[in-house]
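Protein sequence lines correspond, in order, to chains A and B.
Going letter by letter, the first sequence gives residues 1 to 307 in the numbering used here.
Going letter by letter, the second sequence gives residues 1 to 307 in the numbering used here.
Honestly, I wouldn't trust all of these hints.
Put simply, identical chains are the same to the list, so a pair is met inside one copy or across any two.
[Unchecked claim] With a cut-off of at most 25 Å between alpha-carbon atoms, the simulated DMTMM-like pairs for lysine to aspartate or glutamate come out as follows: (1) LYS161 x GLU301; (2) LYS304 x GLU32; (3) LYS41 x ASP158; (4) LYS268 x ASP158; (5) LYS47 x ASP71; (6) LYS86 x ASP158; (7) LYS268 x ASP155; (8) LYS238 x ASP71.
Hints in this document: simulated from the structure, not taken from any laboratory.
Number of protein chains: 2
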Amino acid sequence: MEQIKLFCPATIANLSCGFDVLGLCLDTIGDEMIVSKTANKGIRITKITGADLPLETINNVAGVAAMAMLDEIQPDFGIEIDIHKKIKAGSGIGSSAASAAGAVFGINELMGKPFSRKELVRFAMKGEALASGSEHADNVAPALVGGFTLVRGYDPLDIIKIDSPSELFATVIHPQIELKTSEMRAVLEPLVSLKSAIKQWGNLGGLIAGLYTSDYDLIHRSLHDEIVEPLRGKFIPKFELIKGIALKSGALGAGISGSGPSIYALSKGLETAEKVAFEINKAYLDTGIPFEIHVSKINSEGIKIIN
Amino acid sequence: MEQIKLFCPATIANLSCGFDVLGLCLDTIGDEMIVSKTANKGIRITKITGADLPLETINNVAGVAAMAMLDEIQPDFGIEIDIHKKIKAGSGIGSSAASAAGAVFGINELMGKPFSRKELVRFAMKGEALASGSEHADNVAPALVGGFTLVRGYDPLDIIKIDSPSELFATVIHPQIELKTSEMRAVLEPLVSLKSAIKQWGNLGGLIAGLYTSDYDLIHRSLHDEIVEPLRGKFIPKFELIKGIALKSGALGAGISGSGPSIYALSKGLETAEKVAFEINKAYLDTGIPFEIHVSKINSEGIKIIN
């Protein structure tokens with residue numbers, strides 16, 4: 001294989017009680033990437049459409065992730081990458097992760113799959129470090145592995161794919177305002193009350209159990225964030241209103257996607273997810289803030305090869 | 001039915017990363033209780049063997065739990081309870097919970113089961129409040145429901161039974177020293193670092209996933225307590241030594257049972273659980289502290305009716 005074309009999906013990280021550990025992979029929104037072998041060694045980002053991003057390999061998340069991988073495997077060929085961005089930068093649905101994950105997935109395919117999808121996560125994390133300053137797997141893990149993905153820990157990196165019911169759909173609204181990940185990190189309190197932390201891990205336990213047993217009501221009861229949402233929600237215009245509308249429209253739960261500004265809702269069934277989208281859309285028009293809404297089933301596979 | 005004889009099992013609460021939310025039910029150690037209908041209304045504790053506990057209903061955890069239940073259902077008969085304690089008070093394996101759970105389970109059976117096992121938890125919690133000053137479900141939930149039991153939250157009370165693999169066995173050592181639950185609570189810090197809390201809920205997510213998928217290695221990787229064990233472990237003589245021996249002997253994980261002084265280990269297979277018991281026994285003899293060791297499969301059923 002000399003060239004491969006990929007669908008690199010958007011992802012939702014920080015799923016309420018699963019802050020910093022639980023994410024999921026979307027299916028209807030994602031970038032396209034073409035990864036090609038070249039005779040000349042090294043990595044070149046040859047084309048970027050849809051976003052104003054640096055072409056220099058060392059300043060591009062896809063380039064940096066690819067470099068980390070090639071540095072380890074030292075192939076006797078080079079790589080060219082075309083990136084067609086559809087996920088907006090700064091949206092909170094894993095734009096940089098899609099690029100980083102796509103690059104390493106593509107190279108792995110061109111090399112005959114020396115690594116599993118899980119094993120690719122550590123390379124993709126190098127791209128995330130360029131984008132956000134920290135090597136986190138919150139988005140690259142679901143992008144690569146698909147479905148719901150738990151990052152149990154980093155020492156060593158431990159990625160667990162969580163079985164989930166097929167009837168879960170996500171609704172995502174992206175209010176197009178700028179929220180810096182670094183600023184959203186700064187609003188976090190370094191200390192939390194033990195009482196809140198216990199509630200949080202009780203809910204995470206419930207959420208994981210609900211996913212394994214397709215217990216939608218348990219998923220609903222568990223989708224709360226005691227700790228981070230109260231601090232970050234206020235930076236997202238109309239967050240509480242939108243969350244309330246999502247729940248009133250039948251969503252199982254709603255919260256901040258990643259570090260925002262996107263807001264996600266999870267619903268049982270496409271019809272409910274679309275109703276949530278419809279009602280949110282109606283309410284958000286009043287704000288005057290430009291926004292996009294996506295409805296998607298959970299992408300259980302992760303990155304896909306397309307023709 | 002006029003009389004029922006019960007096996008009321010010991011339980012392990014605060015399972016490492018599942019502090020305050022996750023417990024399990026044991027099978028080889030438990031009290032026996034006989035609960036009988038009487039023509040005279042009211043509740044009488046008629047006999048207690050094996051422990052020096054108050055016979056007065058309002059001062060006895062079984063009595064108080066039974067009162068909470070009868071107060072709600074107002075039956076036209078009374079109840080007599082005989083308690084044969086085998087679980088030592090203050091052991092950290094749910095001695096008071098066994099009595100509270102047994103009383104309400106027995107009454108429920110004599111009444112034709114108006115309540116499910118889960119619904120009985122809230123009555124049994126009233127007994128726990130007498131014993132420890134707080135209405136917690138950590139031990140009464142696994143005693144009543146069996147298996148691994150998650151207390152997702154208290155508002156409203158939400159008990160979830162977690163599927164678990166059949167090959168899990170517990171080893172418990174009870175060093176016979178006195179540790180007051182109230183004192184062990186006082187050593188907890190009201191604030192914890194967000195970083196530790198995230199590690200804890202990552203591990204709890206991993207543990208729940210490991211239980212559902214019978215992934216013993218994941219259970220092993222997840223059985224850590226970042227928050228409470230470092231504070232409480234030092235009050236239990238040779239805690240670190242015993243934990244180390246358990247892990248070296250092949251246990252998947254080990255930690256404090258309840259608020260101590262008992263130490264639990266979980267192993268795959270009876271043979272390993274017995275090896276853990278053997279090695280711990282050998283090491284603990286040197287301390288001069290009296291102790292008991294139990295090996296048990298997980299009791300997936302909870303309280304049992306016996307003849």
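Name the hints, by number, that the structure is in violation of.
3, 6 and 8
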